[in-house]
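Trainee: Make a model of the complete structure from these sequences and hints.
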Amino acid sequence: MVRVIAHRGARSLAPENTLIAAKIAYETGADLWETDITATCDGHLVLFHDETLLRCTNATTKFPSRSSYLVRDFCLEDIQSLDAGSYFIDTDPFLQILAGNVTKDALLSFKKQIIPTLEQGLLFTKKMNWKVNLELKSYSMENNDTYIPDQTLERIYRTGIPLNRVAISSFNHDWLERVMIKEPKIEIQALVGENDTDPLDFKDYVFPVYNVNADLIDPEKIGHLKAKGKKINLFTINDPKTFLRFVTLGVDGIFTDFPQLFAEKS
4 MVRVIAHRGA RSLAPENTLI AAKIAYETGA DLWETDITAT CDGHLVLFHD
54 ETLLRCTNAT TKFPSRSSYL VRDFCLEDIQ SLDAGSYFID TDPFLQILAG
104 NVTKDALLSF KKQIIPTLEQ GLLFTKKMNW KVNLELKSYS MENNDTYIPD
154 QTLERIYRTG IPLNRVAISS FNHDWLERVM IKEPKIEIQA LVGENDTDPL
204 DFKDYVFPVY NVNADLIDPE KIGHLKAKGK KINLFTINDP KTFLRFVTLG
254 VDGIFTDFPQ LFAEKS
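Mapping of the sequence shown onto my numbering: position 240 corresponds to residue 243, and the numbering continues sequentially without gaps.
For the record, the hints were derived by calculation from the structure and aren't laboratory data. All figures in this text were calculated on a predicted structure; none of them were measured in a lab. The C-beta atom is built at its ideal place from N, Cα and C for all residues, glycine as well. One or more of the hints may lead you astray.
[What the hints assert, rightly or not] Simulated restraints, written as ranges between beta carbons of each label pair:
no., residue 1, residue 2, range
1, T63, K229, 21 to 29 Å
2, P211, S71, 37 to 45 Å
3, L111, P187, 42 to 50 Å
4, K188, M4, 18 to 26 Å
5, D148, A102, 15 to 23 Å
6, P222, G46, 24 to 32 Å
7, S112, V209, 37 to 45 Å
8, K229, R69, 46 to 54 Å
9, G46, A230, 38 to 46 Å
10, N198, D242, 19 to 27 Å
[Said to hold, decoys possible] Cut-off 30 Å, straight-line C-alpha distance, at most; resulting in silico cross-link-like pairs (DSSO-like, lysine-lysine):
no., residue 1, residue 2
11, K134, K206
12, K185, K65
13, K231, K188
14, K65, K140
15, K65, K134
16, K130, K26
17, K234, K140
18, K206, K188
Mentor: Here it is in structure tokens:
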């Protein structure tokens with residue numbers, strides 16, 4: 004069975020990385036959801052993908068005089084005062100509102116969405132008896148800083164979510180090695196292929212799972228990884244024909260913005 008991984012939640016149907024996007028992804032039957040972790044200026048971990056607040060919030064309207072809109076320059080109180088859902092209504096990023104695939108009640112609920120903390124995301128996942136992939140972002144710290152991986156583990160322990168219901172991923176492989184040493188019971192997934200033009204580099208193949216850019220991988224590389232006993236998840240696939248092709252090639256999981264299309268097909 005190929006795992007359907009809801010990329011930032013069901014982000015084609017709801018504002019990405021919000022709890023409503025996670026809830027909708029759960030309701031589609033996705034095997035787990037993926038979300039991103041970054042830090043605020045006062046040390047809280049929040050679920051947000053971009054380095055800045057510009058694309059997915061009303062930060063410029065709410066705080067018009069700020070000189071910076073980097074997430075790391077905002078405190079949690081200010082972060083959670085933002086509207087993190089109306090942009091979806093205004094931009095319809097995947098044209099699913101236009102297609103009639105988002106209900107009016109859902110649209111109304113988007114205006115109330117905030118940027119969740121990591122604790123809120125973990126507690127939701129625990130409540131639903133579900134699974135989550137936490138991608139650690141390196142925006143707010145130097146690559147050799149250990150704050151985000153260490154604090155991620157601390158919050159996992161604090162919420163009491165079962166460790167087998169959490170995976171941790173990152174392009175920062177030093178962080179992943181640190182997490183593997185500190186908590187071997189959590190599955191580690193190394194992201195590879197951040198740049199669409201650079202060749203894939205798996206280095207010394209130390210990780211049990213590789214999350215790979217689907218545009219860069221081919222059947223030979225899939226076979227090579229499988230021969231080494233590695234699991235393979237691919238990002239990000241929204242096309243049904245591409246999905247089925249990679250299922251046939253034996254990958255283990257697929258990140259998608261459209262879990263509603265694939266959850267029942269895995």
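Trainee: Now look at each hint and say whether the structure bears it out.
Mentor: Evaluated hints:
1. T63 - K229: 21 to 29 Å: violated (47 Å)
2. P211 - S71: 37 to 45 Å: holds (38 Å)
3. L111 - P187: 42 to 50 Å: For P187 against L111, whose Cβ atoms are near 45 Å apart, the range 42 to 50 Å holds.
4. K188 - M4: 18 to 26 Å: holds (23 Å)
5. D148 - A102: 15 to 23 Å: At roughly 43 Å between Cβ atoms, A102 and D148 fall outside 15 to 23 Å, so the hint is violated.
6. P222 - G46: 24 to 32 Å: violated (45 Å)
7. S112 - V209: 37 to 45 Å: holds (43 Å)
8. K229 - R69: 46 to 54 Å: holds (49 Å)
9. G46 - A230: 38 to 46 Å: Hint holds: Cβ distance 43 Å, inside 38 to 46 Å.
10. N198 - D242: 19 to 27 Å: holds (21 Å)
11. K134 - K206: holds (28 Å)
12. K185 - K65: violated (40 Å)
13. K231 - K188: holds (21 Å)
14. K65 - K140: holds (25 Å)
15. K65 - K134: Violated. K65 to K134 sits at ~34 Å, over the 30 Å cutoff.
16. K130 - K26: holds (11 Å)
17. K234 - K140: OK: K234 and K140 at ~22 Å, within 30 Å.
18. K206 - K188: OK: K206 and K188 at ~23 Å, within 30 Å.
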